[in-house]
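**Student:** Sequence:
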Amino acid sequence: MKHSFQEELNQEIKKRFSLLAILVSAFLFLLLILFVFAIQYYQLTLETNNIRKNFHEDQAGYKRILNTMNQNSIPLFLKKEKTDREIYSEYYELSAENLSRGILVIMDKAGSIKFTTQQTEQNPVISPNYLKTILSGNNYHHSMRRITKGEDSNHYLLMINTVREEGTELGYSAILLNGNNFLPDGLYYGTNYVIADQFDNVYANNANHFIIGTLKKINANIFNQFLFSHDRQLYLSKKSLIGQNIYLYTYSMIFPISVLALFGITSALIIFLVLFYYSKRLAAKIAIRNTVSIEMLVDETKKIRIGEKQKIEIHTEDEFEFLADNINEMMEELNRLIQMKIFLEKKKNLYEIKMLEAQFHPHFLYNTLENIRITSKIDTDLSERLILSLNRVLRYSIDHANEKSNLIDDLAILQDFLEVTKIRFEKFIYTIDVEKDLHMIQIPRLFLLPIVENAIKYGMKERNDLKVAVAVFSKGEEIIFEVRDNGPGFEEELIEKIYLQYEEEETHHGLINSYRRLKIEYPFLDLRIFNHEKGACVQFVVWRAIDDV
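Residue numbers (our numbering): 1 to 549.
Just so you know, nobody snuck in bad clues.
Keeping only pairs whose Cα atoms sit at most 25 Å apart, straight-line, the calculated DSS-like set for lysine-lysine is:
id : residue 1 : residue 2
1  : Lys79     : Lys63
2  : Lys422    : Lys467
3  : Lys63     : Lys114
4  : Lys109    : Lys63
Since the hints were made in silico from the structure, they are not lab data.
Please model the complete structure; the sequences and the hints are all you need to start from.
**Tutor:** Structure follows, in C-alpha cells:
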C-alpha cells in the first residue's frame, strides 16, 4: 500500500491549506513592507519639517538683525557717526539668542569692506573681490541670498541687504552663516539632510553620501525619485524649496536591501510555518475523524509487528472488522507453519551434532586402545590406569550425548586423555589454562579433542619432547579457544586447503568437524590457523560476550 486513504485525504487538505498559508504569508509580508515604508516616510516628513522650521527661524532671526541695524546703526557707521565698538556691541547684543552666530560685514557703495566682526588677525573667510563681483553683477540691490565656499573651505550662506537712507544708497550689510553651525534639533529617527542652492552648492549637511567632486556639490539628480537604491541601500527621499533658490534635500535609509530581503523572507517563512503547522494539525484531525476504522486497523497491525499483540481486535461493525477476522485466520496459519519449521530445524541440528560426534569417537577409541595394547605388555598397572581413564571418557560421552557441557568439566576429561598420552610418552608435556570467569561456558562436548589428537599425532613424528598447551581466554569482545604446540607446524598448502573447505556443507573429520560443532552453538565464529616461531597454533574465536554463564 503506497498511500493510505487517510494519508491521501490528509495530503489533499494540507495542500489546500498550504496554498492558503502561502497567500496569507505573501499578503502579510507585503503589508509589513508597506507598514515599514509608511512609518519611515512619516518620520522623514516630520524631520524634514523640523529642519525647514529651524532654517526659517535662523534666517528670520538674522533678517531682523540686519533690518534693525540697517535702519539706524549701519547708516550712521557709514557716515562715520558711529564707531566700530558700538557696532560690535549692538550686533552681539542683538544676536545673543542665536546659537549659530554669523559674521557681520559692512561695505560701502563700491563694495569695499569697512567693518567685520571676524577677528582681524584671521584671513577673511570671503574674498573681498568675490563680494565686489557679486554686488556689481546683481540687478536687484535690495536683498540677496547666496551659498558659497569660503577661503577656509567651509560653506557659507551669504545674506546681503542694501543700506539706504531716505532713498539714497549708502552701502551694503551682510551676514555670513557657517553651515557647520547649522544644527537643527528634533532629529530622532536618523534623517540625513543637505541644504543647497540651484547650482548644487552645499550650505549645510549632516552626511556626505551624495556629496561629489572637489567643490563638494550635491548630486541632486538622484533625489528626483521618491524611492531609490544606492550602494545596495534603499532610501526614501524628499526635496523641498525652503528659500529663494535654496532647496532642502532629506533622505532616510530604510534598510540594507539584503537585510530587508532577509527580514522579509524570514518573517514570511515564520508566518508560513505557523500557518502550515496549524493547517497540518487541522488536516490531521479532519483526516482522522473520517478514517477512524482505517486508523484502528493500522494501529492494531503495528502492535502485532512489534510483538505487543498476537491478533487484531477491532469492533467497528463494518467491513474492516470482517477484514481483521480474515487477517487473524491467516496469521494463525502462518504461526503454525513457523513453529513447524522451527521444530524441524532443531531436529536437523540435533541430527547433525550426533553425526559429528559419531565421527570423532572411532578415531579417539582407536588411539586409546592402541595405547592400552602397548602398555599392557609393559606395565599392567599403567594399563589399568589407561582403562580407567578411557572408562571416564566413554561414560562422559555416552551418558550426556544430547547435552552441552560446561567448559571446566569438558577440560577435565581432556586432561584424562592427555594424562594417558603422558604415560605413553615420558617426555611429553601439556598445560591447560582457562580463565576463571569462563569456567561455566556451554560448549559442545570434547570439541577440542580432535585438535589435541592431531597435535600429538603429527608432533611426535618430529620430536619426543612435544609440548601441547590448551588455553581458553578472553580478549575484548572475543572468547578464544587455543591449542598450541612446539611441533613442525602446518604446511602453507594445508592451511589454504582447510580455509577453502571449512565452510562447505559436507561433513569432515578432525579440525573442521570441531569448527562446525562449535559454530552450531555460536554462529559468530572464526577459525584461525597459523605457525608461530616454535610450532603450530589453532584458534577458535567467538565474537560474543558470553554473559549468561
